[in-house]
Amino acid sequence: MIRVEQLNLFFGERPLLQDVSFEIGRGQTLAIIGEPGGGKTSLARSLMGLIQGRRLAAQEKPLPSSHFCWSGDAWLGEMNVLRSSRAQLQAMRGRSAGLIVQALSDALNPHLTVLQHVQEMLRAHGLSERDAREECAIGNIPDRLLPRYPTALSGGEIQRVLTVLALANSPEFLIMDEPTAALDSFNREIAIRSFQNGSEQRCQMLITHDIELARRLATHVGVLRKGRLTEIGPSEDVLDRPRSIYTQQLLKLRRNAGNPMPLPVSSSGGNPALEVRSGNGLVMDRLSHSIENRGLLSKISAFVPAGSCLAILGGSGSGKTTLARLLSGYEKVQEGYVYWQNGTEREKSVIALIPQHPHRAMASHFSVSDVLKEALMLSRGDQAEANRLLDRVGLPTDTDFLNRKTRELSGGEAQRLVIARALATRPQCLVADEPTSALDMQARSHVLEILRGVMRNRKMALVLFTHDQAAARSLADKVCHLEQGTLICSEAPVTNVAS
Amino acid sequence: MVPPILINLLSGLSVRLLVFFLLVLLVFFLPRLLPGDPVAIFLSSDLSRDLSGSEAEELRSQFGVAGGWLQQLGEYLSNLVVGDLGYSVPHAAPVSQLLKAAIPWTLLLIACAAPLFLIAGAAGGIEAGKAPGALFDRVATGTVTVIASIPPFTAAVLLLLAFGILWPVLPAGGAEPLFPSDNPLQRDFDVARHAVLPVLALSLHEVSRFYFLARGEAITLSQRPFIINACGRGIKGWRLRTAYYGRSLFPVFLARMSDSLTGLFGAVLFVEIVFSYPGTGHLIYNAILDRDYVLLQGAVIVMAGLVLLLNWIIDAVATSLARRG
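Note that the protein sequences, when read in sequence, are chains U and E.
Reminder that position 433 of the first sequence reads as 433 in UniProt numbering, one-by-one numbering, no gaps.
Reminder that position 16 of the second sequence reads as 16 in UniProt numbering, one-by-one numbering, no gaps.
Chain E with its partners taken away, still in its complex shape:
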């Protein structure tokens, strides 16, 4: 028999492919609805020399804005299928190459931060929700409320100020030293040191939402007969928190994850800008400043693809788990 998770994966695939296609269309048409085109902007600069009509036309086709919209779209899609996202003039490099260099850094931040804020949120929330109103609950809920009320970029700036400048124990920016060490161990250590503050800032932003979710669920769970019965059987400590509270929280956490992914990628953008971290967020920010539409389009499509991919997997797992009741 086909495992149910595969069925869930298949049933979720078509809708995500459709969403992705619509998004590609949106990304294609939006910049073209703006007045002017990249060539006009390029030419309006004081430094550029006057171009003849044929030269401008050649430049247009280079930028992928020659001919009618339908023709442009066809060309754009066929390029996209073979992985060609265009050429970024300000960076003088293909967009796919730029993204290939940036995405691992962004994924590194997310991969380090996600377990941190999920586990901290769940552990704290369960502990507080087990005995609402007790000392731990009052202290933890107070602290998390304060953290939740600080906007994410402010928290990042505060962290940077505290540990990067006032008490400079950690590097204040970048993902690596200017001249990376040849020793791979030393290099890994440097990367890890540079990632600490951005990961912390990202986790701080996300931890409160999962803390409150876990706490609320744990309060309800504590009243449920199966938990009370387990206490009556002498199940306690780690076992009670993981097999009883934790596993019941798992589907809820997954469901919340799938809708907070977009927010997470948004938060990465802030964090990368504050710590000048060379990930996609930094790339997108500079693309906006440079009006580098080609890069912007490529980055948006790839990020959206990533979000849809993660969201697809999480959804399928969550649906399979929910069947158990």
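The following block holds chain U by itself, in its conformation from the complex:
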């Protein structure tokens, strides 16, 4: 079993976890839910013994520094990971305990192909007799991905590789940190099934902000807020009859998101390229793109009128991120055109990108005002302009907040700041690539509200890339699917994204 006793974790003086205790027996899955920045990822890493730092002596107070320190105990089976030697920890990792993390771009070794990763994993644990290709097939990694390096993989594909790697050795303890956030609904089902499969032999800990996922996988649920476990118990109790107000808020937001407005249906249907393009708006004209000689996008055409939103849904690896990078100019257009139509004139489009992971889009040592100042240099704005921007996205404008470093912001705050920064350049068009998938429900609804506001009030065109159908429904005037490199805007409401 996994047993954590009075775990306290500090980074320098700042407490990340305070007095956390719980037990996970064999066959049980504990879901830890709560806001981002609440210490969930640190908890996962400390259970794997992956936090570099030192143990606090009894009664010792943490000192200001840039190291981790901790007190308390964490048992994986017979082994206390917080008191074990390096050799003991190394013997445990990947053998009796597995870790699945959220697929960020840097999650895999950029110098190894997918196949090499799996082969390495099998070799490192003396399982060389097993076939790496078979392992990949089980995790729905098609053969064409095997010789690729991670730069040519989408978030969902990286996530599948991470899952295959973690499950390769059938670990007794499985720690999952947002294991499905990057997956589309089809691959999410496969992943969930593989977590359920054999879970009666495992102790699983699931860290997520996805309450639906927690409900499906977990036998027990704990709510982590500001580093403290505020509520813990069997999942029916916590999710259906929550005691704390914080849990009730978390769940209420989820329910609101679950009852979306009816999906807008494309008015003309058929080929968007044939639609009448009148007035101002963003034009994509026959965009084609290939990666490593394999066509990813072919002849994408669309028109997004100012003040409206086009949502583009698509499965993992369908080219959503590539199209977003093409539109915002981070990737060179290989074939076709992107421009802004002003009446009958063609102009160079001024587009700002809102990325999926706000923290990775800002220098961590910048303060809030540094981030805005830099962007305002482009449009020659002043401090008053910065305050107006912060106001617009619902962030405070006091000096205390302006001087905070971006790494100290929560996910929701950081995403709002990134939106404010995007608005500072006075763009005609916003391109949002999964702007809400890394956020909890509360932050998510804030961000969607802000996007809706700026789109309507400032007459901006918004292109939203997502696999979150609820978000698409709540914002979009038109919804299209990216399938096999082409854009399909169907009359029928979106039902099954990837199947």
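FYI, nobody ran anything at the bench for these hints, they're computed from the structure.
Pair ranges (Cβ atoms, derived):
no., chain 1, residue 1, chain 2, residue 2, range
1, U, E347, E, A148, 54 to 64 Å
2, E, I165, U, L63, 47 to 57 Å
3, U, N80, E, T242, 29 to 39 Å
4, U, S364, E, A148, 26 to 36 Å
5, U, R55, E, G216, 20 to 30 Å
6, U, Q116, E, L30, 50 to 60 Å
Glycine included, each C-beta is placed from N, C-alpha and C at the ideal position.
Chain U is fixed; fit chain E onto it per the hints.
What follows is chain E alone, placed relative to chain U:
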């Protein structure tokens, strides 16, 4: 499809040819801007007899300094193209022949020292950077700091003093015994014994720069998710250090190599002088003392060509690797 490395090689070639040509021009004009010419210097010696005007003129054309500059340049370039670098009077031999004998020794030193300081620097730096502040880091960083603070020629002299004179286990100078053995095996062994101290001195000079580079990179790498995830999967030991740290360091090392090559050839000069090693450095040093401009020019052109050639290849490889991210 053309492999990307070929494209990188081609795109880097033109700029290096241009640099090389400019360098040849520089080498040609610089000595001619000095007051006097080799013949005047030759004649100012006490031992020389007085020459008639026609004899001096003949000597001038022999030295390649007869006629106008443009005519001289044309002659110089056409000779250069066929590999004729001129004739060294003090050595009484063609420059190309002298260089052909010296360059293998210099390349031997560099070829032996480069893997040594690269591998030692990378291995030490990775080990220290994996756990900054730990015992290994404190000891290794301290030692390397001391080594880095000793000027290269001082280190060479100290090595010579320690292992060549005070405790004479290794030969103190030269590349071979005075009378090389007829047995090829014995001869190789002697060459290797003579190369140990110069190679060591050269490596000591270079190791610190690569150690600190590797350590700094490894500290940043340790925080990167792909390394933390690999540790979480149980990847450890040799595999973690080579496939994860090592391969990420490779492009950085290559980039640093391409800019430190000139320094390396400069360091060889010191080392060869201290150990009287018969390489190009030794040759250049003596050419300066003898005012042997022809030899000096030839040596500079050939060394510059070597540096540009290595730098060209390293750059192309580094650019290809950087694409991977």
